[in-house]
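Given chain G, work out where chain V should sit, using these hints.
Number of protein chains: 2
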Amino acid sequence: MEYKDLDKTKSFRFLKALAPFDVRKIDSKRIGKYMTAEAGTLKFNYAALPVDDMIIDQLQELADEQQLIEKYKALLGGAVANPGENRLVLHHLTRGRVLNGVPVNADGVEKGAFYADELEKIRIFSEKVRNGEVLSSTGKRFEHVVQIGIGGSDLGPRALCYALSQLDVKKLDARFISNVDPDDACGVLAGLDLEKTLFILVSKSGTTQETLTNRDLVFKVMKDRGIVKPEMHMAAVTSNTSPLAKTPGLAAVFFMDDYIGGRYSSTSAVGGVILSLTYGFEVFKALLDGAHAEDVKALEPDLRKNGVLMDAMIGVYLRNILGFPYTAVLPYSQSLNRFPAHLQQLDMESNGKHVNRDGKKLEYRTGPVVFGEPGTNGQHSFYQLLHQGTDIVPMQFIGFKKNQGSLDAVTDGSTSRQKLNANLTAQIVAFAQGKKNEQNPNKDFEGGRYSSLLVADELDPFTLGALLAHFENKVMFQGFVWNINSFDQEGVQLGKILAKQVLNGGEGNENLIAYASLLGL
Amino acid sequence: MEYKDLDKTKSFRFLKALAPFDVRKIDSKRIGKYMTAEAGTLKFNYAALPVDDMIIDQLQELADEQQLIEKYKALLGGAVANPGENRLVLHHLTRGRVLNGVPVNADGVEKGAFYADELEKIRIFSEKVRNGEVLSSTGKRFEHVVQIGIGGSDLGPRALCYALSQLDVKKLDARFISNVDPDDACGVLAGLDLEKTLFILVSKSGTTQETLTNRDLVFKVMKDRGIVKPEMHMAAVTSNTSPLAKTPGLAAVFFMDDYIGGRYSSTSAVGGVILSLTYGFEVFKALLDGAHAEDVKALEPDLRKNGVLMDAMIGVYLRNILGFPYTAVLPYSQSLNRFPAHLQQLDMESNGKHVNRDGKKLEYRTGPVVFGEPGTNGQHSFYQLLHQGTDIVPMQFIGFKKNQGSLDAVTDGSTSRQKLNANLTAQIVAFAQGKKNEQNPNKDFEGGRYSSLLVADELDPFTLGALLAHFENKVMFQGFVWNINSFDQEGVQLGKILAKQVLNGGEGNENLIAYASLLGL
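Protein chains in written order, with this note's numbering: chain G, 1 to 521; chain V, 1 to 521.
Next comes chain G alone, as it looks inside the complex (with noise of 0.2 Å):
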């Protein structure tokens, strides 16, 4: 295997040649064309995007050079895909299957069996829990459960149990406390009938300063309103040589491991707890089924039958290539109202890198800056710019066919559903096309604005999990495209050793001393 930096392959500089294609030049049979299949019903469509077939097989060149299948082969066989801090990559394994036929071996353990074994664990306690075999220490059957945890803790799962929030199945309440900001824990605390609620304290390293405060808040608050035996209505997910794992009479304990990173954490137990209780392990079963599926698709070397490598390699020619440095994630799905925000961590904790995996400072950019929200909101807030400004914002569009829900009706000639499709479909090819206005340059749209769309019959837990998976493996792919390790986040250190120096007093730093001040300390 040969880790070379993006500026020293053959097929970068070749790709520089190559102008982009004009994407107010697509037509329908481009649109047709352009198009892979993923995994379950989930279509990768890229006809609005700058490339030909050209450049797509300079693209194809420059993933075969920089052998990203070989790479994630590498990585799924247990290679360390993280070596700044000398560890393996082992999320795929999470999904609760083998990918690639290689059982991967470390710390004396089969890490598949690892992990399977805490999947079934899941499926026990949340089973127990929905039945009522397991109840609140004052003999309650849990009806709320609340995620305590923060970064990779919080968004992914959070973005995940919002998306399937419409499914009809029997539901737990599922809540979030995540800031170390108390108004936090305040605002969900208020409403809660703690007799009935179980926590989910979740932090692999079992130290992080926000989860251990609040879980201290939570404490205090049961205790204050009269629950003697709070331990009871905690479970904890964290690694098994963390101190959590030791804390005596909780309701239960979930393994991980030092080889998921946090925000890739979301099909372990760190997202599998809070799923399966509050949809059912089945739900949370098929999720991991999807994303397997996609782990699957992603193994082929063949850009044009691989949507994710292609989503991924696309992504680099726009960045390193056109120079953009953002993309908009724009689902049209309000149950995916907080996926951006996980795309968001994905993404920018991954690849915002400035040294290659070799610790060499680069000399190109890597990781963009992800930003998004759901249409059609976004229609009536910052499309604005996207249409209208002085800049390009290359766009990321997610839609389905059908509802998640079970509420529509037929309203002035046609279904809520139909309104939402024909305003994404209106927005792709309006961003694509334009519309020339010279009489009102004000009205005038130029047009020539790059989108891709993901789409698929409907947000079901595995369409879902491929989905996750798609972004997963994308930022995966493109990682190794720019020769960073996208698995660790040394960014996160300094912040708070600062931090740790403002409470002793700023230790002699004047400027701590000096913005504390402003801030009350």
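Keep in mind that the hints were calculated from the coordinates and are not lab data. Since this is a predicted model, take the numbers as computed values, not measurements. The hints are all genuine.
One copy or two, it doesn't matter: identical chains are merged, so the pair holds either way.
Calculated pairs, BS3-like style, for lysine-lysine (alpha carbon to alpha carbon, straight line, at most 30 Å):
| id | residue 1 | residue 2 |
| --- | --- | --- |
| 1 | 500 | 435 |
| 2 | 171 | 140 |
| 3 | 361 | 8 |
| 4 | 171 | 220 |
| 5 | 170 | 196 |
| 6 | 361 | 16 |
| 7 | 500 | 29 |
| 8 | 29 | 435 |
| 9 | 4 | 443 |
| 10 | 29 | 402 |
| 11 | 500 | 401 |
| 12 | 140 | 196 |
| 13 | 171 | 223 |
Okay, now just chain V, sitting in the frame of chain G:
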């Protein structure tokens, strides 16, 4: 008054010749000096932005040359500040006070009195609902209020409503339906006792597709659940020429007019009705007082005494001299969790324009992409890229000395509030100063990352109003500098037209037909 493009000004050319200040060199003296008091306890600190006294002097020249304060006063006095739609811009009058001593007459009405009358109607109606004088169609007290609106009728009111969620006052339960995706209404309505629910329908034109569709869905569900007179559960906020104003049997109707742009309408009835119902009229009144006080501060021509003018001018410096395409808004307050989404709309819809106010295409950049999430959450997410990515992203922090809610406790030697503010302090300094690590470049922080800080004693209604007005006025001033119309939004029109075409079968547009087919239409 002279309207001049930015690249035609003298001062802009001089600005280009000055070197930016290296924020690695901040010290406590600078932190104390580069700060301006705004309304109430709000302060704007710009010590960690790349400006020095010479640059500030030149920004003052530019502000003077572009006649920013004169243009603001003209707007307040009733000038046609929205030339594209030939409209006045009067949202400052919705604070309930005449600014700058000039009454504005339009359409045969004194507009200050018009908005004051609507404010009085809001007071009376909200008090009657809250004290049980106005009851539901089945004689129940209203416990839930649900706003149906989108864009400006949703993001601002929602952000403000969430922002006050931990206030210690008697509250009604407030919710929002915005998306035409029926899963949005499905989720909101699922948990509600509709006999106790009051809806607020908000659409200035009375023709917004999403909002009318959701009204019809809500009426259908109410009828399905046996409510015979659903209109008694609905108040409307609209213009007095709108068809909605004539709906018979509504619980109440409140008016705005064409001089209030959606994204600037939070202090009109658009935000006022739901805020007064949820928290009481006095809370909304305090918010208006804060916004008004901030509007008054913005009249000051001296940049060093006018924090919002300073914020606006340094923003132009970052955008047009240093070339940054984005700004991150990072409130260290969970209650402000949707404030960045409101600012994203406010800024990107106002200033995402490629033509000047006369319709001439511009040769320089206008509004940036705005995105953000609350801290400390973001620290565990996208801050990795902000610290160590290949691009610099300017940041706008917001912080408070005190909690809003009543919950806090000492854990591990400090309160949650202290931990929160220690983290905010640490981030500003970490971004500015960085920390060298030559042995391990992966742990190297280059520093030189720019940020400002808006800080106040607490997030009370007055301060929230001041914060809101800060950003409204910042966007307005920047629009004046860029010589654009910040008050229209022609960019949303093309999508609306094409969406209608799609619902009519595509009308022969092969691209619309092809994408519609992918989406099941």
